[in-house]
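Student: We have chain Z already, so just place chain U on it with the hints.
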Amino acid sequence: SQTIHQWPATLVQPVGSPLSLECTVEGTSNPNLYWYRQAAGRGLQLLFYSVGIGQISSEVPQNLSASRPQDRQFILSSKKLLLSDSGFYLCAWDSSGNTIYFGEGSWLTVV
Amino acid sequence: AQSVTQLGSHVSVSEGALVLLRCNYSSSVPPYLFWYVQYPNQGLQLLLKYTTGATLVKGINGFEAEFKKSETSFHLTKPSAHMSDAAEYFCAVSNQAGTALIFGKGTTLSVSS
Numbered sequence: 001s002q003t004i005h006q007w008p009a010t011l012v013q014p015v016g017s018p019l020s021l022e023c024t025v026e027g028t029s030n031p032n033l034y035w036y037r038q039a040a041g042r043g044l045q046l047l048f049y050s051v052g053i054g055q056i057s058s059e060v061p062q063n064l065s066a067s068r069p070q071d072r073q074f075i076l077s078s079k080k081l082l083l084s085d086s087g088f089y090l091c092a093w094d095s096s097g098n099t100i101y102f103g104e105g106s107w108l109t110v111v
Numbered sequence: 001a002q003s004v005t006q007l008g009s010h011v012s013v014s015e016g017a018l019v020l021l022r023c024n025y026s027s028s029v030p031p032y033l034f035w036y037v038q039y040p041n042q043g044l045q046l047l048l049k050y051t052t053g054a055t056l057v058k059g060i061n062g063f064e065a066e067f068k069k070s071e072t073s074f075h076l077t078k079p080s081a082h083m084s085d086a087a088e089y090f091c092a093v094s095n096q097a098g099t100a101l102i103f104g105k106g107t108t109l110s111v112s113s
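Chains as they are written, first to last, in the working numbering: chain Z, 1 to 111; chain U, 1 to 113.
The following block holds chain Z by itself, in its conformation from the complex (with noise of 0.2 Å):
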């Protein structure tokens, strides 16, 4: 069966340090992955998606990046963290049949 894994779970971050969320994916080959950020009170928001290997969608200009080194591996990074970049970060992934499966997310808090 597939399973998703991200990390850190908590993660407190002084404004201006980096910043880098891991999330893999096992089970399955070629899956779409997504980053979406969840702030309090404004429901979820989509940050990035991959369809492959070094193929990044930004959907939101902002201070974060993506990156895809590895078929079931996505990374989001910061050079540089703002206060508004404290929220829920969760990963997910795709295959063909269109239901978006979630990983268990990571709490960042940026001071």
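Calculated directly from the structure, the hints in this document are not laboratory data. A couple of the hints might just be wrong.
What the hints assert, rightly or not - Each computed SDA-like pair below joins lysine to any residue, with the alpha-carbon atoms no more than 25 Å apart: (1) Lys105/U x Ala40/Z; (2) Lys80/Z x Ser57/Z; (3) Lys58/U x Ser95/Z; (4) Lys58/U x Gln2/Z.
Tutor: Below, chain U alone, put in the same frame as chain Z:
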């Protein structure tokens, strides 16, 4: 472009009462529609989905939703609420090409005894 509107950011019901969470969508192509549930501090879990075929879709935990094209709606219902149903619920839409889901802003369901 596609969009989703969830009517009511908070819904409160008593245990045993009917649950109705409203979702309306906008799509220029036949939509795929989803309901996800999120328990506190956890990721999202798929409740049910509509792609094609039968418009009444049954999901996990006794939930169901009906796709009504004429009303552009996909409301989520459960005949009898349990305390364990308290969570945040998200409606989402995608197109048949399978690009990323567009989510509503969510509805928080509270269940009182």
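Student: Each hint: holds or not?
Tutor: A quick look at each hint next to the structure:
For the suggested pair Lys105/U and Ala40/Z, the alpha carbons sit about 10 Å apart, so the restraint of at most 25 Å is met. With a C-alpha separation of about 21 Å, the suggested pair Lys80/Z and Ser57/Z falls inside the 25 Å cut-off, and the hint holds. Distance check on the hinted pair: Lys58/U and Ser95/Z sit about 22 Å apart at the alpha-carbon level, within 25 Å; holds. With a C-alpha separation of about 23 Å, the suggested pairing of Lys58/U with Gln2/Z holds against the 25 Å cut-off.
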